[in-house]
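Assemble the whole structure, with the sequences as input and the hints as a guide.
So the protein sequences, as listed, match chains A and B. So that you can map any letter, position 214 of the first sequence is 214 in the numbering used here, and since no number is skipped, the others follow by simple counting. So that you can map any letter, position 167 of the second sequence is 167 in the numbering used here, and since no number is skipped, the others follow by simple counting.
One or more hints might be untrue.
Far from chain A, by Cβ distances over 10 Å, these chain B residues were calculated [what the hints assert, rightly or not]:
| id | residue |
| --- | --- |
| 1 | Asn44 |
| 2 | Ser48 |
| 3 | Ala55 |
| 4 | Gly93 |
| 5 | Ser94 |
| 6 | Asp101 |
| 7 | Ala107 |
| 8 | Ser110 |
| 9 | Ile127 |
| 10 | Glu136 |
| 11 | Thr139 |
| 12 | Ala208 |
| 13 | Leu209 |
| 14 | Gly213 |
Listed next, the in silico DSBU-like pairs over lysine-lysine satisfying Cα-Cα at most 35 Å (straight line) [stated by the list, open to error]:
| id | chain 1 | residue 1 | chain 2 | residue 2 |
| --- | --- | --- | --- | --- |
| 15 | B | Lys133 | A | Lys185 |
| 16 | B | Lys35 | A | Lys24 |
| 17 | B | Lys47 | A | Lys24 |
| 18 | B | Lys100 | A | Lys185 |
| 19 | B | Lys98 | A | Lys98 |
| 20 | B | Lys185 | A | Lys185 |
| 21 | A | Lys35 | B | Lys152 |
| 22 | A | Lys100 | B | Lys24 |
| 23 | A | Lys133 | B | Lys35 |
| 24 | B | Lys100 | A | Lys152 |
| 25 | A | Lys24 | B | Lys185 |
| 26 | A | Lys133 | B | Lys98 |
| 27 | A | Lys185 | B | Lys98 |
| 28 | B | Lys185 | A | Lys100 |
| 29 | B | Lys24 | B | Lys133 |
| 30 | A | Lys98 | B | Lys185 |
| 31 | B | Lys47 | A | Lys100 |
| 32 | B | Lys98 | B | Lys152 |
| 33 | A | Lys185 | B | Lys35 |
| 34 | B | Lys185 | A | Lys47 |
| 35 | A | Lys24 | B | Lys152 |
| 36 | B | Lys35 | A | Lys152 |
| 37 | B | Lys100 | A | Lys24 |
| 38 | B | Lys98 | A | Lys24 |
| 39 | B | Lys185 | B | Lys152 |
| 40 | B | Lys185 | A | Lys35 |
By construction, these hints were calculated from the structure, which means they are not laboratory data. The beta carbon of each residue, even a glycine, is placed where N, CA and C say it ideally should be.
There are 2 protein chains.
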Amino acid sequence: MILEHVHRLSNQRIVLASASPRRKEIFQNIGLRIKVVPSLFEENLDKSQFSSAAAYAQETALQKAREVSNRAWTPNNIPHLVIGADTVVELQGSILEKPKDAANAEAMLSSLIGQRHAVHTGVAIIIPSVTGKDGELFTRSFTSTTSVEFDKVSLSEIRAYIDTGEPFGKAGAYGIQGPAGAWVKRIEGCYFNVMGFPLHDFAAEVAALLQCGHLQ
Amino acid sequence: MILEHVHRLSNQRIVLASASPRRKEIFQNIGLRIKVVPSLFEENLDKSQFSSAAAYAQETALQKAREVSNRAWTPNNIPHLVIGADTVVELQGSILEKPKDAANAEAMLSSLIGQRHAVHTGVAIIIPSVTGKDGELFTRSFTSTTSVEFDKVSLSEIRAYIDTGEPFGKAGAYGIQGPAGAWVKRIEGCYFNVMGFPLHDFAAEVAALLQCGHLQ
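See the structure below:
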């Protein structure tokens with residue numbers, strides 16, 4: 001799928017339009033060398049304009065990747081691949097993004113415990129060197145959804161977790177790879193998607209792009 | 001559950017009767033300080049004597065924890081808690097353990113791709129200072145099962161993975177946290193269980209032991 005092509009891909013300039021250290025770690029885990037160029041897109045889309053939380057995450061991912069792709073790259077520096085991603089937590093129709101402060105994190109986590117929620121990651125892949133008939137850059141985007149079930153935990157447990165500083169900068173105020181992993185009774189879907197990037201779906205997409213020659 | 005007690009538990013001598021670096025990492029992730037004392041139990045139980053792969057893993061975990069608990073600990077050194085664990089992969093009724101060599105890893109991985117398999121981890125918790133009426137050490141044991149679905153990948157992909165050296169020392173010849181994570185379409189259950197230790201179920205058990213006073 002992708003492991004057999006890692007060596008070939010190491011000659012490509014792959015740009016991750018995200019500052020998330022978890023996403024970078026996921027790429028490193030499979031041996032893929034990427035360059036991090038955080039997107040300057042403001043992530044201010046109007047949620048009410050989207051039919052679903054997944055559609056919102058997908059469009060945000062697309063805007064992030066587009067902003068980085070459209071920069072004034074010199075011909076020698078132009079990325080072969082730009083990857084955008086956005087992760088949101090959805091609980092009973094509401095979107096939870098990153099908590100503003102400790103009180104906000106406490107409210108988010110209190111709403112998640114004892115419940116099942118969905119984690120959606122939108123991914124956009126842009127190949128800046130390939131342009132369609134309409135002049136648009138070659139783009140693929142998709143979303144991946146994982147269901148996560150939290151056990152019921154006490155308020156003092158939630159506060160002990162907030163004290164670790166972990167909730168900040170994370171959608172839904174938690175990171176499954178850290179201490180909050182202990183609360184997760186079960187997940188259904190891709191684990192890496194909950195960490196912030198749907199590794200399998202991305203690998204399958206890249207394998208398809210290699211096969212059809214859009215990536216060399 | 002367990003995070004609110006991590007400080008209290010840091011005064012306890014917690015011994016992990018396993019040399020697995022993945023298990024150690026899982027404990028470190030939740031901030032729990034443990035001492036690694038690999039068990040000398042030979043892991044040679046007769047599989048045909050067990051009603052299920054899960055029962056086999058549970059008994060192996062118990063024997064690992066028992067061997068470490070029964071050592072000649074000095075009174076000042078006796079562990080408060082000894083944890084044993086054993087992970088097996090089950091595919092259509094067959095148990096896959098660690099691969100012997102590259103050919104064995106290739107055979108295991110070739111059988112797993114495009115299929116759904118079960119990962120069972122048996123866990124045993126022994127409190128050496130607590131003895132029942134029958135003179136037996138206080139023991140809790142359980143198993144956790146996660147279903148893992150692999151995508152279909154090519155033989156060259158499998159060989160590229162074996163070349164990384166990752167399959168060796170791992171039940172079923174793969175580690176979900178490394179490059180083979182890209183092959184995993186979905187899991188159902190606890191992710192950490194696939195890594196080698198069912199974090200949530202363990203945390204819930206320890207919380208119960210703290211509540212009933214068996215752990216201080």
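Those earlier numbered hints the structure runs against, lowest number first: 17, 19, 23, 24, 26 and 31
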